[in-house]
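The listed protein sequences correspond, in order, to chains U and P.
Per the numbering used here, the very first residue in the first sequence carries number 13; after that it's consecutive.
Per the numbering used here, the very first residue in the second sequence carries number 1350; after that it's consecutive.
You can take every hint at face value.
Partner residues are not named here, just some residues of chain P that face chain U (Cβ under 7 Å, in silico): (1) Ile1401; (2) Arg1402; (3) Asp1420; (4) Phe1421; (5) Gly1433; (6) Phe1434; (7) Leu1447; (8) Glu1449; (9) Lys1451.
Since the hints were made in silico from the structure, they are not lab data.
No experiment lies behind these values; they were computed from the predicted model shown.
Note that CB positions come from ideal geometry on N, CA and C, so glycine has one too.
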Amino acid sequence: MNWFKLLEHDLRRGLLRWRMLLVPLLFLLPCAGLRSLLSTVQSGGTWMDHMLYCFLGEAPKGANGELTLSLPTFWMLAVGGCLFFNLDYMLRDLTNAGQQILIRSGTRRGWFLSKCVWNMASCVEYILLSAASVLLITLFFGGRAALANTPELVPALFHNVLFEPAAFSVSDMLLAAVLMPLVSLMALSMLQMALCLWVRPIVSFLISMALLVAAVFISSPLIPGSGAMAIRSGALVEGGVSPLAAATAALLVIILSAAAGCARFQHTDILKLEE
Amino acid sequence: MEITVNHVSKTIKGASILEDVDLSWTGGKIYGLQGPNGSGKTMLMRLIAGLIRPTSGEVLIDGRELGRDMDFPPSVGLLIENPGFLPNHTGFRNLMLLAEIKKRITDADVRKALGDVGLAPNDPRKYRKYSLGMKQRLGVAAAIMERPELIVLDEPTNALDDKGVERICALIRRERDRGALVVLTCHDAAILDRLSDEVYTVSEGHVERRAAG
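Using the sequences and the hints, build the whole thing.
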């Protein structure tokens, strides 16, 4: 049996999904929200400004001496969207064409590992689609397709964290607004998929969302999601979450989720979804 | 091929589905399972196919334990409930995708399997456009095309007309005659009796052999 045939099936069937057409809509909302901030600095903004805003998140609670219960809606939408899109593929496949493929593969472990690779590929697909969508939306609103940010926008964007205009380095911004959200998404999505082997998919999704909420209130690289907030990234703000620590924690979550999922799937009953 | 089911019980969410089942089946025979809906027939088939694990007891395939020595029977064709295929591919393309996993058969074998069940190999229609009967035929073709040693068929004659039923019955006999072990359920007791070498009654989780009619 060729394991790459399993992977080919998952990449073809699991990545080409109509639902991914919703990604531009998900990112239209935050990009539209940025327009009011951009008008105050009289700039059309750049692609990077928009990406930073979509994956901005929220400053650590209590940073300004107050503890509020507000949640970064746009950030949760951007991160939660990917988790929702990835939620049901494994189980749907398992109860449809995937079942025939599974018994022919002869290996439950190989089948699950193929789903793990698919899951991470799906996160890459989501980030690429979101970056492309943000680019189109930026251009539509009269912005520039540039990797640089608008320095004057920084005090408004990084509210209560940075107070002076700043031109960040492109690599730091790509790390904070593209790479770290991707790594965090991979960790959360892998955890979510593994949890689906213990609890119903919707419960697994709610647990993922609860982790995102926890990440809003507790600024620690150990909580998957913390590293996905640009406003807390150590690459952009002093004393922020170290990208290296957050990436290491995310890698650990990915490995543990894959290992636990593999072990669990060895003994999982394959029934119809409704059973 | 030899299947031994030793003291197998299966409980799902506190409900006992199968209780202390003992069976010993060999290749070259058709084993029919009869019983009302929800009696545990499909669960027994899933157990033998390696899709579910017993709560207690063991299923041995040629002396090797399912779930411990192997995840699935090494050579199995399966049709359980609604066959699942990719909706946007033709029947031929669907079977080719499955055949490419093990690479045991060629596209000529796939075409032959389609012909055997009464489907045109060159039919350009996508699977989603298939009628219920055509879907069922494709499911049977997928189960037999690689000439597996174990064939598990849950209601293979569902949604078929009389000619289709006869065709599938002949196919099942042919597979038996080449040495395959066939496990079969069918809501039509007459068909089941006619096809099976041994008939087992599944009722409230218990499995008992009765003489074929």
